[in-house]
Amino acid sequence: EAGVAQSPRYKIIEKRQSVAFWCNPISGHATLYWYQQILGQGPKLLIQFQNNGVVDDSQLPKDRFSAERLKGVDSTLKIQPAKLEDSAVYLCASSLRTRGETQYFGPGTRLLVL
Amino acid sequence: GESVGLHLPTLSVQEGDNSIINCAYSNSASDYFIWYKQESGKGPQFIIDIRSNMDKRQGQRVTVLLNKTVKHLSLQIAATQPGDSAVYFCAEKASSYKLIFGSGTRLLVRP
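The listed protein sequences correspond, in order, to chains G and S. Here the first sequence is numbered in the numbering used here, starting from 1 and rising by one per residue. Here the second sequence is numbered in the numbering used here, starting from 1 and rising by one per residue.
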């Protein structure tokens with residue numbers, strides 16, 4: 001079974017630029033998550049989708065971050081404009097259902113904002 | 001609460017010894033717990049999970065113990081191998097769907 005795919009793996013941008021990340025979850029997984037992981041910390045949930053609907057985006061900085069999952073499969077996370085403090089690893093995860101299910105993580109996109 | 005800083009707690013063990021990684025969780029209403037392993041440059045990898053109606057669960061070379069009285073979770077790794085070197089995170093879930101991750105422990109295995 002293929003795992004969660006993410007691209008790009010690495011991205012370096014200057015502050016105030018825009019960036020987008022892509023995620024393809026495990027086939028058949030209805031729930032998709034985006035996490036931000038700052039160096040030395042555990043992942044922090046940014047947004048959760050159930051199929052193509054948003055379940056929770058309470059931790060998403062909506063003035064600069066946006067995410068979509070239009071067809072209930074792939075998802076994109078965008079940052080516009082980026083700030084220095086956005087430097088982190090952005091992890092995508094998926095699970096079969098919403099509650100009490102194991103989340104499987106992709107390799108992440110490492111973002112450096114200069 | 002939120003973890004801070006770049007200096008993860010580190011556990012150094014000799015290859016072949018048993019490792020015990022501890023985690024204190026915050027929410028007494030949490031009913032599901034997971035341990036993840038994260039190697040450098042990779043995403044977290046599921047190791048083992050446990051529900052609050054259990055106090056022990058065993059997998060291959062790993063055991064998770066749950067003490068709800070003191071809100072404590074531990075991961076035991078038997079016969080630790082160099083490939084076990086990684087950062088280990090515990091995560092808890094309360095009645096909502098959201099997983100809350102701890103700050104992590106770095107395991108170093110000495111050859």
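Just so you know, the hints here were simulated from the structure itself, not pulled from any lab data. Nothing here was measured: the structure is a model prediction, and the numbers come from that model. Treat the hints with care, since some could be wrong.
Non-contacting residues of chain S with respect to chain G, defined by C-beta distances greater than 10 Å in every case (computed) [as the list claims (entries may be wrong)]:
1) Ser12
2) Asp17
3) Gly43
4) Pro44
5) Gln45
6) Leu65
7) Thr69
8) Val70
9) His72
10) Ala78
11) Ala79
12) Gln81
13) Phe101
14) Ser103
Using C-beta positions, here's what the derived DEER-type ranges look like [as the list claims (entries may be wrong)]:
15) S:Ser26 with G:Arg9: 29 to 37 Å
16) G:Arg64 with S:Asp17: 25 to 33 Å
17) S:Asn27 with G:Ala20: 28 to 36 Å
18) S:Gly83 with G:Lys78: 34 to 42 Å
19) S:Ser12 with G:Leu112: 28 to 36 Å
20) S:Arg110 with G:Lys78: 38 to 46 Å
21) G:Lys62 with S:Ser26: 40 to 48 Å
22) S:His72 with G:Gly28: 29 to 37 Å
23) S:Lys56 with G:Glu68: 38 to 46 Å
24) G:Arg16 with S:Asp17: 34 to 42 Å
25) S:Ala94 with G:Lys62: 21 to 29 Å
26) S:His72 with G:Ala20: 27 to 35 Å
27) G:Leu112 with S:Lys56: 39 to 47 Å
28) G:Thr76 with S:Thr69: 42 to 50 Å
Cβ atoms here follow ideal geometry from the backbone N, Cα and C, with glycine treated the same way.
- request: Could you check the structure against the hints above and give me the numbers of any it violates, in ascending order?
  value: The structure breaks hints 3, 4, 5, 13, 14, 16, 21, 24, 26; every other hint is satisfied.
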